Amino acid sequence: MIRRLQDKQVRILKALARYKFLTYKQMIALGIEKYNSNLSNLVKQLRESKRPLVRKIPHRNGDAAKFYLTLKGKQVLLELYDDLTEENLHYVKKVIYTDTQDQKHRIGTIDIQIALDQACEKTGVKVLWYERYFDTVGNNRVSKNLQSKTAILYEKNKSLKADLTFLLQTPAQQELYLLELENGTDSQKSVAKCVNHAKAIFLGSANEKYGFQQAYRTLWVFEQESIMQIVREQLKQMPFFENLTEY
57 MIRRLQDKQV
67 RILKALARYK
77 FLTYKQMIAL
87 GIEKYNSNLS
97 NLVKQLRESK
107 RPLVRKIPHR
117 NGDAAKFYLT
127 LKGKQVLLEL
137 YDDLTEENLH
147 YVKKVIYTDT
157 QDQKHRIGTI
167 DIQIALDQAC
177 EKTGVKVLWY
187 ERYFDTVGNN
197 RVSKNLQSKT
207 AILYEKNKSL
217 KADLTFLLQT
227 PAQQELYLLE
237 LENGTDSQKS
247 VAKCVNHAKA
257 IFLGSANEKY
267 GFQQAYRTLW
277 VFEQESIMQI
287 VREQLKQMPF
297 FENLTEY
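The sequence shown maps to residues 57 to 303 in our numbering.
What the hints contain is simulated information worked out from the structure, not anything from laboratory work.
Small disclaimer: the values here were computed from a predicted structure and weren't measured.
We put the beta carbon where it would ideally sit given N, CA and C, even for glycine.
All clues given are correct.
For lysine-lysine, the following PhoX-like pairs were computed, each having C-alpha atoms within a straight-line distance of at most 25 angstroms:
{"hint": "1", "residue 1": "K106", "residue 2": "K70"}
{"hint": "2", "residue 1": "K292", "residue 2": "K255"}
{"hint": "3", "residue 1": "K112", "residue 2": "K160"}
Label pairs and their computed distance ranges (CB to CB):
{"hint": "4", "residue 1": "F296", "residue 2": "S93", "range": "48 to 58 angstroms"}
{"hint": "5", "residue 1": "E211", "residue 2": "A121", "range": "37 to 47 angstroms"}
{"hint": "6", "residue 1": "R116", "residue 2": "E264", "range": "39 to 49 angstroms"}
{"hint": "7", "residue 1": "A175", "residue 2": "A121", "range": "21 to 31 angstroms"}
{"hint": "8", "residue 1": "Q174", "residue 2": "E211", "range": "34 to 44 angstroms"}
{"hint": "9", "residue 1": "R288", "residue 2": "K100", "range": "44 to 54 angstroms"}
{"hint": "10", "residue 1": "S105", "residue 2": "E298", "range": "52 to 62 angstroms"}
{"hint": "11", "residue 1": "E264", "residue 2": "S93", "range": "43 to 53 angstroms"}
{"hint": "12", "residue 1": "K106", "residue 2": "V181", "range": "40 to 50 angstroms"}
{"hint": "13", "residue 1": "V247", "residue 2": "L127", "range": "37 to 47 angstroms"}
Whole structure, please, built from the sequences with the hints as guidance.
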């Protein structure tokens, strides 16, 4: 039997099902509530039961609290909405006891996904699908083949993981993007990643994986604008990139 849920609590569950992990700040950005205190009360009710619908990832002081949908939360959504399917609901099967080392990067990637969703809604562009680097396929227990959904080859036995891969339907055409979020000040790391993405373009591995026979683009989001400018200048000086500017 489904417990009685407030409309805003259902919106929290649906948002977690789409983005997998969310902070209070991100829930506010999604328009679910205006204040942390109100969100805290709403989430508390979803967490405090024998079979919680939502759990919180333990975090250090100063870090934002992050929440995720449980198996029970997924089951409740499937009971409430006939148009939802298990394939497009993100939830966590087990209890998460520690935060990840890449928590800042993960939050930043989800921030970008939220901003893109909102921009597409305003402009009438449809997001056909998303994949994030922390979405996985395979199984490490049985088959030992767990890997990121965004992994593509850039050399015969070497792969890269785009932080966010998505397909848009514009009025004119479908457009595929492989996005990288570059935090910090290591410009050489970013240049090396650009080289690997360029190799993947020449190899055609993303086109083959996604059955996309047109040109696609890599999209780079930098935390520091100065690092972005340094990387752009370095790429301009590399003959390897002369035929890749359209990407």
